[in-house]
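Number of protein chains: 4
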Amino acid sequence: MVNVIILGQGFVGSIFASGLEKIKAGEIEPYGVPLRDELQIKIKDINIVGSYDVDVNKVGKSVYDVAKHYDNNVPESLKDIEVKKGVHLNSLKNLPIKAEGLEDKMSLEDAINHLIDEWKEAKAEVFINVCTTEAFKTFNSREELEKAIKENNKERLTATQFYAYAISRYAKEVGGACFINAIPTLIANDPTYVELAKESKMVIFGDDGATGATPLTADLLAHLFQRNRYVLSIAQFNIGGNTDFLALTDVDRNKSKESTKSSIVEDILGYNAPHFIKPTGYLEPLGDKKFISLHIEYISFNGARDELIVNGRINDSPALAGLLVDLSRLGKIALDRKEYGTVYEVNAFYMKNPGPKEAKNIPRIIAYEKMRMWAGLKSIWL
Amino acid sequence: MVNVIILGQGFVGSIFASGLEKIKAGEIEPYGVPLRDELQIKIKDINIVGSYDVDVNKVGKSVYDVAKHYDNNVPESLKDIEVKKGVHLNSLKNLPIKAEGLEDKMSLEDAINHLIDEWKEAKAEVFINVCTTEAFKTFNSREELEKAIKENNKERLTATQFYAYAISRYAKEVGGACFINAIPTLIANDPTYVELAKESKMVIFGDDGATGATPLTADLLAHLFQRNRYVLSIAQFNIGGNTDFLALTDVDRNKSKESTKSSIVEDILGYNAPHFIKPTGYLEPLGDKKFISLHIEYISFNGARDELIVNGRINDSPALAGLLVDLSRLGKIALDRKEYGTVYEVNAFYMKNPGPKEAKNIPRIIAYEKMRMWAGLKSIWL
Amino acid sequence: MVNVIILGQGFVGSIFASGLEKIKAGEIEPYGVPLRDELQIKIKDINIVGSYDVDVNKVGKSVYDVAKHYDNNVPESLKDIEVKKGVHLNSLKNLPIKAEGLEDKMSLEDAINHLIDEWKEAKAEVFINVCTTEAFKTFNSREELEKAIKENNKERLTATQFYAYAISRYAKEVGGACFINAIPTLIANDPTYVELAKESKMVIFGDDGATGATPLTADLLAHLFQRNRYVLSIAQFNIGGNTDFLALTDVDRNKSKESTKSSIVEDILGYNAPHFIKPTGYLEPLGDKKFISLHIEYISFNGARDELIVNGRINDSPALAGLLVDLSRLGKIALDRKEYGTVYEVNAFYMKNPGPKEAKNIPRIIAYEKMRMWAGLKSIWL
Amino acid sequence: MVNVIILGQGFVGSIFASGLEKIKAGEIEPYGVPLRDELQIKIKDINIVGSYDVDVNKVGKSVYDVAKHYDNNVPESLKDIEVKKGVHLNSLKNLPIKAEGLEDKMSLEDAINHLIDEWKEAKAEVFINVCTTEAFKTFNSREELEKAIKENNKERLTATQFYAYAISRYAKEVGGACFINAIPTLIANDPTYVELAKESKMVIFGDDGATGATPLTADLLAHLFQRNRYVLSIAQFNIGGNTDFLALTDVDRNKSKESTKSSIVEDILGYNAPHFIKPTGYLEPLGDKKFISLHIEYISFNGARDELIVNGRINDSPALAGLLVDLSRLGKIALDRKEYGTVYEVNAFYMKNPGPKEAKNIPRIIAYEKMRMWAGLKSIWL
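Same order as they appear, the protein sequences are chains F, E, A and Y.
In terms of full-length UniProt numbering, the first sequence opens at residue 1 and continues consecutively.
In terms of full-length UniProt numbering, the second sequence opens at residue 1 and continues consecutively.
In terms of full-length UniProt numbering, the third sequence opens at residue 1 and continues consecutively.
In terms of full-length UniProt numbering, the fourth sequence opens at residue 1 and continues consecutively.
Keep in mind that a hint or two might mislead.
Note that identical chains are pooled: a pair holds if it fits in a single copy or bridges any two copies.
[As the list claims (entries may be wrong)] In silico BS3-like links for lysine-lysine, alpha-carbon gap of 30 Å or less:
| no. | residue 1 | residue 2 |
| --- | --- | --- |
| 1 | Lys370 | Lys360 |
| 2 | Lys370 | Lys357 |
| 3 | Lys154 | Lys98 |
| 4 | Lys357 | Lys378 |
| 5 | Lys360 | Lys378 |
| 6 | Lys370 | Lys44 |
| 7 | Lys22 | Lys68 |
| 8 | Lys278 | Lys93 |
| 9 | Lys198 | Lys68 |
| 10 | Lys360 | Lys24 |
| 11 | Lys98 | Lys61 |
| 12 | Lys42 | Lys84 |
| 13 | Lys123 | Lys172 |
| 14 | Lys44 | Lys150 |
Simulated from the structure, these hints should not be mistaken for lab results.
In this text, all values refer to a predicted model and were calculated from it rather than measured experimentally.
My request is simple: use the sequences and hints to build the entire structure.
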C-alpha cells in the first residue's frame, strides 16, 4: 500500500486521479504506465489520500468535481477526497486564476505545522508535485532557505520550494516521506534540498517529468550518436493550449523550462550541437493535446546531408500522469529501502532534468533498463 | 590490416570505396561510421583489394571510373583497382542493365575455382555483398545447395547464394574468410549457410544492412514499449530513385524486403501491432536520397490517443556504406578470434534482419552497447 | 425540394444521410458543405427518398440501422427509409462481403424495369452513386452498352455502369434525372454515357468525388506553377482502413483510381513532372481516417532547391459526404435548367477527374469561383 | 529597358543580382520568376545600375565581391557595380554589423540631395528595398514626416522610411520612379506615403515580399474556406539562420513581422480563427534555408475533425529575389502608364501585406490571375 497526496489539482493531477481509479476498477488497461503491474506494489495498492490546490474554484470541492473539468468520465470513488487549501506564493503571478493560500491567513511556519497535522491524519507517504511551472531562484544554502521560512519571506519562495521543505519536516517527524517533483523548479538538482532530504529521511525524485518531445529527442539523438552522424542543427517547437503552456508565455517561467529541455543535447551527443529547443507558444483550442515539431539535420558518411522531421500530437497530461503511477510506487520502494536523498536510477528515466545536480541525461532506452533493475525487476534486453 | 573485396560495384560499393579512401587520406571525418576510429584495426588499415560486377559498362573499368557516376569527388587511389567479372544468375532479371557473368562462359563449378584463384592472389579476407536486392528461395539443406552447383542449375541460385557458397570454399582452403551480406537474401538467417560457415572457417554477418527507417522505427517502438503505450497502427512508406528502389518495383524482390522490415514490430513490442511497412515506390528524380514517411498512432494513459509522424530525407547509400567500414574491421576481428558461423552481437546492431534465424530484433540503442562490448570496447552508457 | 436516392449504403452514404439529417434538424453546422446554405434550394429541401445496397446484412434494414455502424449519433428520422436490393455485378469481387443482387433473380432488363417502378413511386430526382471502387472497362459505343444489357452480360458491366444506364431510361420516361458519380468508374468521362444523357434528359456529374489529397495537391501545384517553381518530383501516399482502401488492394481497382489521381499533374503544371501518386495501402485500425503523406521537391530562383512535405489525417467519408449535399442541389438546378449531359463547371470543383473526357483539371480555388457563378451565386474573390 | 537600384546589398539583393545576370546570360532558367519571360519588358532588359549598403565591409566593394559571400557562382558582370554608402538610421540596432551611413557625415536633407544626384547620374527608375527588417513607427501626416527630415531627427525615421521619402523627391524631379518595398515596414500601407507618391509621380509596391509560408498558408486557408471546413487553430513556425532571422530575435522587429503575417487569417476565412503565426527563432546552421512547420486543425462534415501538417525547407532569399525580377518590370510598366500611388493588383500577389491600408489579402491563386490581367497578359484559368 502507498498513500499519495496530490499537490496541485490541475490537469495532470486530475487525469492521474481519474485514470488511476479506472485502472484499479479494471475499466481500462494501464497503458502509459511504464512498469505496468510488474512491481510488487500493485497499481491497486495506490491510495490517493489528499489533494491540495489554491484556486478558489477548486478548494473545498471534491477531486471528482474538479476532475470533471478535465476528463469526461471520472470515477465516483473520487467524490470522497476533498481538495484542501495549499500555498501559492508567487507561483500563479500573471495567470488568470483567482488564488487563495494558507499564507494569506497565517505565517509560513504556521502553514507548515498546519499541513503536517493534516498529512499525519492522512498517513501520507508520497507527495506528487504537479503545480504550475514556476519562475524560481535556487537556494545557496540550508540557512538561506530556513531564513526565508522563518522571516515569512513570501517573495523568495515558490510553492514547490515551500512544499519540499515542509515535507522534509514531515518526513523527519514521521520517519520518512517521498517528494516527487514533476515540474522544472530545481529540487532534486538543488544540493541544498538533496542534503536536507538525506538528513530528514526524505526521498526526492525530480526534476520535471519526462514527457513529450524531450525524452523522444534524447533517444533520437542517441540513435544518431551511435551511427556517428554529425548533428548540424536541432529545432524543436512545442505549442499547446493548457494552463502550463499559458504559464510559459511568461518569459521567466519559460527560461526555467528551456534549460531543463536543452541540457540533453550535449549530454547525449558529447558536443553542443546548435539547437533551438523551447516551449514555443500557447494556442487555446489545442487544449491538452500539444503539437510538436522537430527538425534535425546531420552529416552522414562521405559528407552526405540527411534530415529528419518529427511531428506529433501528444496528450500532455496523460503522458505525465502515467509516469506518476510508477513514481508513487517507486517512492514507496525507496522509502522501504531507506534510500534517502535522490535516486538517479529513477530520475534518469522519468525526469527531463534528472538529479542530482552533477548527473547527466542518458538515452531513455538504456535508462529504462537500469531503472527496472533498481526496482528489482529483470531488464528486458540487457 | 584487412583486405576487402566488394561484390557489386553499384551505388553503395562506390560510396564505400570513395568515402573510405577520403577518410584514409584525412580529407573528411569518419561521420556515419558507428565505431569511429576506436577499434584496434584502424580505418586506414582497410584495403580494398578487389571488386566484382556484371554490368558490361563496369567490368574492366577501374573502381575510380565507376564510382565517378555516383560521387563527384572520387580519390585517384581507386584508379588501381579493376572491376572484375562476377556472376549475375537471376539477380538482374527485369532490370534495365546489360549483364554478363562468368556463368555465361563456364560452369558454376568452374566459376568458383576461377574466383578462388583471383581471391587468393588478392589475399582477400572480407567480402562485402552489396548486389542488387534479389528474389530468392532458401535452401533446405546443404545437399540441395551443392546439388544446384554441381548440376549448374542457374535458375535455382541467386548471385548472393552463389558467392556465399564460393567464399565458404575459399575460406576452407585459405583458413578463413568473412562474408558480409548487406542485402535481404537470407544467408545469416539460413541455417544451411550458417552450418556451412562453421565447417568452413567462414564468418557471416547478415542479413540486410540496417539503414534508414527500419532501425529508427525499432528505436521508436522501443521508446513506446518502455512507456507501455499501446500501438494501434504503424504505416511506413519509402520511396527513392536508385537502382535498389527500381529493383523493388518487382513484386518478388519487394516481398523479400518486406519480411526483413516488418519483423521488428513483434520483436520489439511483444505483440504484432497492425502495420504496413513496405518499400513503396520508385521515383527517379529522388536519386539516392530517399523520402520516408512513418505514422504511428498509440494509446497513452487514461485512454488518450497520440500520434507521431516522422518524415526524412536520407541518403541511402552512404548510410549503408558507413556501416561497411565497421563491418569490414569487425569481420577481421571475428576471424582473428575464430568465431566462425554468424555473430549475433554484430548483426543485432548492423542488420535489419539479424541472424541466426531464431534471433530477434532488439532496440538498436541497446544493441550498439552490446556490440561495442563484443568488439572489446567500453560501453558508453551501460 | 429535391428527392435523392443513395446507391450504396456504405460509409459515405451513411455519413451523408446522418449528417444531412442533423443539419436539417439544426443540430450541427453545415461544415464541409462548400456552398453552405447559399443556394436557393436549401439544405432542408433535400429529401432522401430511397437507398440501395447488396450486402445481405444491409438489405431490408433501415438506413438508421445501417448508419449506426458508421456513426455513433444517427438521427431517428432515418428509421423510415428502407435499404432496398440493388445490383452488384462484378463490383464486390474479392471483397469479404456477402452480396445478393437483383440480377441473381432476374435479367438485367427486368432489373431495370423493377428499379424504374420503385424510383417512380419514390419520385426520385437525383441519384448519388457511392458504390465501392470498381475495376471496369469503358464502352466504345452505345450499341455495345445496350447489347450487354440485352444479352444479360453480367461480366461486362459494373454496378455503376448499370445504374447509370438504368437512370437514363428512367430520366427519359419521367422527363429528367441526375446521376452523380462519386467513384472513379468513367461515366462523365465516357462519351457514350454523356451522349446517352443528352438524349435522355439526364444530367451526369462526375467522376470521382474530389476529396483528400488530390484537390489539395492540385492547389499546391497551382501555387508552385504561379511562381514558376520547377517541380522535380511528387510523391503522394494514402493509407486508410475503410472498405474503399480494402478494395484498392485489388490491383485492377487501384489502376482505375491511379489514373484519376495523377492526371492533375500535367493539367496544372503544363508538363508531366515525375510523380508517384497512388492509393498505397490498407491498414484496418486507421478506419475512415486516412493518413496522407505528400512530398514535393522543386527548383526556385537561382537554382535553389526547396521541399514541401504535407501530412494529414483526414476523415475520408465526411469529406465526400459534404460535397454530396451540394451536388444533390446542383443536380436539381441543372435539371431545372435542362442542362442535360454533363456540366464541367460543377465537375471541375467537385470531381477528381472532371468530365467530359477532353476537359482538364484546373486549380480548385478558381474552379470554386466559376462553379459559384454557374450556380447563380456571386464569386467571392473574382 | 528598366534601370534598377538595390537598397541593401544583403542576401536577397545579392541573389537577385547574381540570379538575374545568370538568366540574362542564358546560364539558368528563370525558375522562381512568376511571369517568366512573358512580359513585353524582357528579363534581359533589366539593368542593375546601382547598389547601396551601410556595412563597412561592403561599402566601396563591387556587387560581385559582396555577392560571393552568398552565392558560390557569381557572374563577372557584377564587378562593374560599386556598392555605395546609404543610410542606416536605427535599422541595424543590436545587430552584429558595423555600419556607417551618409547621416554620420551630413544632415538628412543633404543626404537626400546627395543621393538624388547619384540616382540622376545612374538614370535610376526602380528602387528595390531589401534592407533588414526594422522596428518602426508610421507617420500620421506628411507634416510629421517632413518635420523629421528637416529637423534631422534620426531617431524617428528608419532607413526604409527615409529612402521612400528621398525617392519621392527624386521622382518629382525626374518625372517618375518606383519604390518596391519588400520588407515589413509599412509604406504601401501608410496613407501618408501613398498620398505623397501620387503627388510625386512615384509608384509604390508593398509591403513585405510574399515568400515562404505566408502565401502558402493563404492558399491553404482558401482551400479550406471553399469547402466550408471550420478552422479550429493554426500554428505556424519559422526558423532560419540568415540575418533576417537574427534581426527578428529582436522583439520589436518581430512584432512588425507578426502583424503582416497574421492578417491573412481573417482576410481569407472571414473569421479570426485562433492562430499562432510568428517568426520563431534563429538557428545559425540553417543559413538561408529556413524550416517551416504549419499545423491546421479543422471541422469537416458531420463534425469530423481533420488535421493538416505542412513542413518545408525553403531557401528564403531566392524566393524573394525571384519576385523582384517581376516587380522591377511591373514597376516600369506602372510608370509608363502613370499609375502613381500604389497598385493593389500587383501587391495582392507579391506582398504579404498588400497595400493600400484598407486592402485585404485574397487567395494568391486568384491574385495571380488578376495581376496577369493588370500586366496585360492573358489569365491562365479564368
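Have a look at Lys22 and Lys68 and pick one of within, between, both or neither, based on CA distance no larger than 30 Å.
both (14 Å within a copy, 28 Å between copies)
Tell me, please, which holds for Lys42 and Lys84 at an alpha-carbon limit of 30 Å: within, between, both or neither?
Result: close within a single copy only, 27 Å intra versus 55 Å inter.
Up to 30 Å CA-CA - Lys172 versus Lys123, copy category
within (14 Å within a copy, 73 Å between copies)
Copy assignment of Lys278 with Lys93, given that the CA separation must stay at most 30 Å:
both (21 Å within a copy, 25 Å between copies)
At most 30 Å between alpha carbons: which applies to Lys44 and Lys150, within, between, both or neither?
neither (40 Å within a copy, 67 Å between copies)
Treating 30 Å as the Cα threshold, decide for Lys370 and Lys357: within, between, both or neither.
both (19 Å within a copy, 29 Å between copies)
When no copy is named, should Lys98 and Lys61 be tagged within, between, both, or neither for a Cα gap of at most 30 Å?
Intra 15 Å, inter 56 Å, cutoff 30 Å: intra-copy only.
Checking an output row: Lys360 and Lys24, CA cutoff 30 Å. Within, between, both or neither?
Neither: 35 Å inside a copy, 34 Å across copies.
Lys198 and Lys68: within-copy, between-copy, both or neither at 30 Å Cα
neither (39 Å within a copy, 61 Å between copies)
Measure nothing new, just compare the shortest in-copy and cross-copy C-alpha distances for Lys357 and Lys378 to 30 Å and report within, between, both or neither.
both (28 Å within a copy, 25 Å between copies)
Taking 30 Å as the upper bound on the Cα-Cα distance, should Lys370 and Lys360 be classified as within, between, both, or neither?
both (14 Å within a copy, 21 Å between copies)
Within, between, both or neither, where Lys154 and Lys98 count as close if Cα-Cα is 30 Å or less
within (18 Å within a copy, 46 Å between copies)
Checked against the numbered hints given earlier, this structure breaks hints 9, 10 and 14; the rest are met.
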